[in-house]
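Q: Each chain, letter by letter, is given below.
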Amino acid sequence: MYRIMLCCSAGMSTSLLVRKMVESANERGIPVEIEAYGVAEFETEFPRYQVVLLGPQVKYMLKTLSEKAATHGIPVQPIEPMDYGMQRGDKVLDFALSLINAAH
Amino acid sequence: MSSLYQSMIAVIEQSITPLAGRLGQQKYVIAIRDGFTAALPFMIIGSFMLVFIFPPFSAETTNSFARAWLDFSLTYREQLMLPFNLSMGVMTFFISVGIGASLGRQFNLDPVMSGLLAFMAFLLVAAPYADGHISTQYLSGQGIFTALITAIYSTRIYAWLKQNNITIRLPKEVPTGVARSFEILIPVVVVMGTLHPLNLFIAAQTGMIMPQAIMHLLEPLVSASDSLPAILLSVLLCQIFWFAGIHGALIVTGIMNPFWMANLSANQAALAAGAALPHIYLQGFWDHYLLIGGVGSTLPLAFLLLRSRVTHLRTIGKMGVVPSFFNINEPILFGAPIIMNPMLFIPFVCVPMVNACLAYGATRLGWLAQVVSLTPWTTPAPIGASWAANWALSPVVMCVICMVMSALMYLPFLRAYERSLMKTEAQKAQASAPLTGTVSSN
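Protein chains in written order, with full-length UniProt numbering: chain P, 1 to 104; chain R, 1 to 442.
Hints were generated in silico from the structure; no laboratory data involved.
Even glycine gets a Cβ: it sits at the ideal position worked out from N, Cα and C.
Some clues are possibly wrong.
In silico DMTMM-like pairs for lysine to aspartate or glutamate, Cα to Cα no more than 25 angstroms straight-line [said to hold, decoys possible]:
1) R:Lys318 to P:Glu67
2) P:Lys63 to R:Glu183
3) P:Lys68 to R:Glu425
4) R:Lys27 to P:Glu27
5) R:Lys172 to R:Glu183
6) R:Lys318 to P:Glu80
7) P:Lys91 to R:Glu425
8) R:Lys162 to P:Glu27
9) R:Lys428 to P:Glu45
10) R:Lys27 to P:Glu33
11) R:Lys318 to P:Asp94
12) P:Lys68 to P:Glu27
13) R:Lys318 to P:Glu27
14) R:Lys318 to P:Glu23
15) P:Lys59 to P:Glu45
16) P:Lys59 to R:Asp110
17) R:Lys318 to P:Glu43
18) R:Lys162 to P:Glu67
19) R:Lys318 to P:Glu45
20) R:Lys27 to R:Asp131
21) R:Lys27 to P:Asp90
22) R:Lys27 to P:Asp94
23) P:Lys20 to P:Glu67
24) P:Lys59 to P:Glu27
25) R:Lys162 to P:Asp90
26) R:Lys428 to P:Glu80
27) R:Lys423 to P:Asp83
Covered stretches of chain P, going by a simulated chain R footprint (3 or more residues, C-beta under 8 angstroms) [as the list claims (entries may be wrong)]:
28) 19-33
29) 45-54
30) 90-96
Cβ-to-Cβ under 10 angstroms is the rule here; a few derived chain P residues that face chain R [to be verified]:
31) Gly38
32) Leu99
33) Asn101
34) Ala103
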């Protein structure tokens, strides 16, 4: 089971993308657990996940957030803006899986 | 054009992004924002009660339904006011606990304890107690700034004492839960021992207790926050941050929230007293006139995209239009894209500013009902605007005018952008299929 966390300001727009990513994972038969959170919940939630992807609008927090997650060895990366805008669930899912495989 | 664009990008990357990073990650800005977010649900429901208490009908109405509602609300005013008084009326309780907890979490303290410590610190200076009663005068909007300051102060004290190991040490055999409850004792003593004498000192010197004195000091800032320049400046900042791809609203609302809340409670008090509403620029004004469909008022743009001649833009329109009704427009911002797109910079920045001027002017002329209620920012704009103004009709009209303005301003820029996209598409097609040679250039 792959556990992926998405994070933006309030977890609203990322939750749109979550649906697309889950759809794509189901089609391909990949077991996933993907959730969207607001940045306020970052600290309490991230340890449960294998990777954290940030909405491009909160990319400016990348440094602080990835430093926190680094203590647990969890990679944090921003989502490519165009993939985010176009809601390309499959591409973002691939990106997340590649980060998980690289880290573990 | 392209060199201008390059230098603009350079300015954004070198100065705006770091500035936003610093502002948006500032511990206190985050704590204040989190505190208000935590308090919001209670305040939304609490202020929802206002509609029942002050139905949107005139006192002389002859409509039987309106008549019955009015009579009911008059008969049971006291009972109906209770949920309002114990949510909006004591909003500082929620805010101080929320800020204390968020800041405590950021300093690696126990959030419940730091929230409660902040709560006590606030009560100590803002709730004068006499004859078995506490005065509620400063527990609403008048006490907001005091709640911010005391929450930050008490949490800092707690953090400082812990960092410096000034704590009651118990033997290792004592369970951690018990040890933790002892850990808070010294911070409580220090906060009590400093704030209470300070409050007494201020009262003796000025004749005002702390919240009164703080409101007195901040008066010029509070009234400046309700002016047209303040609206334009805050929305300009938000738009420029967002254009750079940074969630600017997060930063701007973090700063504006204390002012909005203080002014909201002043409006509600005026409504209850039957007086003219003093304030214009409140959360509802920002959410429902300036951010129709999200930042940049892009809901009308979403409709325009649906009918675009460029497939890519049509796809974005299809994806973006439904979330746009609920003011979520990241698909459009990043997909069209608007972010860092020089061709849409002008309308993106100007639309909310023009709409701000229209709505502000209309309010000044007495045509537009003012905000008295808190609404969730995800409420579709015309409904939210009406709800915020106690279900008046004028905000709906204003929203429609703002949407028309927005469509008119986006349209020419969108057409130019479409032309440039079609041109590059045609060039690409020509370059990739030189042998067929049948691709038309226009």
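Q: Hint by hint, note whether the structure agrees.
A: Verification of the supplied hints:
Distance restraint check for R:Lys318 and P:Glu67: the Cα-Cα separation of roughly 38 angstroms exceeds the 25 angstroms cut-off, and the hinted pair is therefore not satisfied. Taking the CA atoms of P:Lys63 and R:Glu183, the gap is near 32 angstroms; set against the 25 angstroms cutoff, the hint is violated. Pair hint P:Lys68 plus R:Glu425 does not hold up; C-alpha atoms about 43 angstroms apart against a cutoff of 25 angstroms. At roughly 42 angstroms between alpha-carbon atoms, R:Lys27 and P:Glu27 are farther apart than 25 angstroms, so this suggested pair is violated.
For the suggested pair R:Lys172 and R:Glu183, the alpha carbons sit about 14 angstroms apart, so the restraint of at most 25 angstroms is met. Distance hint between R:Lys318 and P:Glu80 is fulfilled; the C-alpha atoms sit about 20 angstroms from each other, no more than 25 angstroms. In summary, the hint linking P:Lys91 to R:Glu425 is supported, as the alpha carbons are separated by about 23 angstroms, within the 25 angstroms threshold. The suggested pairing of R:Lys162 with P:Glu27 is violated, with an alpha-carbon distance near 52 angstroms, which exceeds 25 angstroms.
For the suggested pair R:Lys428 and P:Glu45, the alpha carbons sit about 45 angstroms apart, so the restraint of at most 25 angstroms is broken. In summary, the hint linking R:Lys27 to P:Glu33 is not supported, as the alpha carbons are separated by about 31 angstroms, beyond the 25 angstroms threshold. The hinted pair formed by R:Lys318 and P:Asp94 meets the criterion: a straight-line CA distance of about 24 angstroms does not exceed 25 angstroms. Of the pairs offered as hints, the one joining P:Lys68 and P:Glu27 is violated, with about 33 angstroms between alpha carbons and a cut-off of 25 angstroms exceeded.
Under the criterion of a C-alpha separation no larger than 25 angstroms, the hint pairing R:Lys318 with P:Glu27 is consistent with the structure, at around 22 angstroms. The suggested pairing of R:Lys318 with P:Glu23 holds, with an alpha-carbon distance near 18 angstroms, which does not exceed 25 angstroms. Proximity of P:Lys59 to P:Glu45 is assessed by CA-CA distance (about 18 angstroms); at most 25 angstroms being required, the pair is judged to hold. Between P:Lys59 and R:Asp110 the alpha-carbon distance is near 28 angstroms, which puts this suggested pair outside the 25 angstroms criterion.
Between R:Lys318 and P:Glu43 the alpha-carbon distance is near 34 angstroms, which puts this suggested pair outside the 25 angstroms criterion. Distance check on the hinted pair: R:Lys162 and P:Glu67 sit about 23 angstroms apart at the alpha-carbon level, within 25 angstroms; holds. About 32 angstroms separates the Cα atoms of R:Lys318 and P:Glu45, which puts this hinted pair outside 25 angstroms; it is violated. Annotation: proposed proximity of R:Lys27 to R:Asp131 is violated, straight-line Cα distance about 40 angstroms (limit 25 angstroms).
The straight-line distance between the Cα atoms of R:Lys27 and P:Asp90 is roughly 36 angstroms, outside the 25 angstroms bound, and the hint therefore fails. A threshold of 25 angstroms between alpha carbons decides the hint, and for R:Lys27 with P:Asp94 the separation of about 34 angstroms lies outside it, so the pair is violated. Proposed proximity of P:Lys20 and P:Glu67 is contradicted: the alpha carbons are some 28 angstroms apart, above 25 angstroms. Among the hinted pairs, P:Lys59 with P:Glu27 is inconsistent with the structure: their alpha-carbon atoms are about 29 angstroms apart, more than 25 angstroms.
For the given pair, R:Lys162 sits about 47 angstroms from P:Asp90 by alpha-carbon distance, which is inconsistent with the 25 angstroms threshold. Annotation: proposed proximity of R:Lys428 to P:Glu80 holds, straight-line Cα distance about 23 angstroms (limit 25 angstroms). A hinted pair counts as satisfied when its Cα atoms are at most 25 angstroms apart, and R:Lys423 with P:Asp83 qualifies at roughly 23 angstroms. Look at the stretch 19-33 of chain P against chain R: 0 of its residues bring a Cβ nearer than 8 angstroms to a Cβ of that chain, fewer than three, so the hint is violated.
Counting residues of the stretch 45-54 of chain P whose beta-carbon sits less than 8 angstroms from any beta-carbon of chain R gives 0, not enough to reach three: the coverage restraint is violated. Given a C-beta distance limit of less than 8 angstroms, the hint that chain R covers the stretch 90-96 of chain P is violated, as 0 residues qualify and 3 are needed. The beta carbon of P:Gly38 comes within 8 angstroms of a beta carbon in chain R, closer than 10 angstroms, and the hint placing it at the interface holds. For P:Leu99, the interface hint is violated, the least distance from its beta-carbon to any beta-carbon of chain R being 20 angstroms, above 10 angstroms.
Violation of the interface hint for P:Asn101 is found here, the shortest Cβ-Cβ separation to chain R being roughly 26 angstroms, above the 10 angstroms cut-off. This hint is violated: P:Ala103 has a C-beta 24 angstroms from the nearest C-beta of chain R, more than the 10 angstroms allowed.
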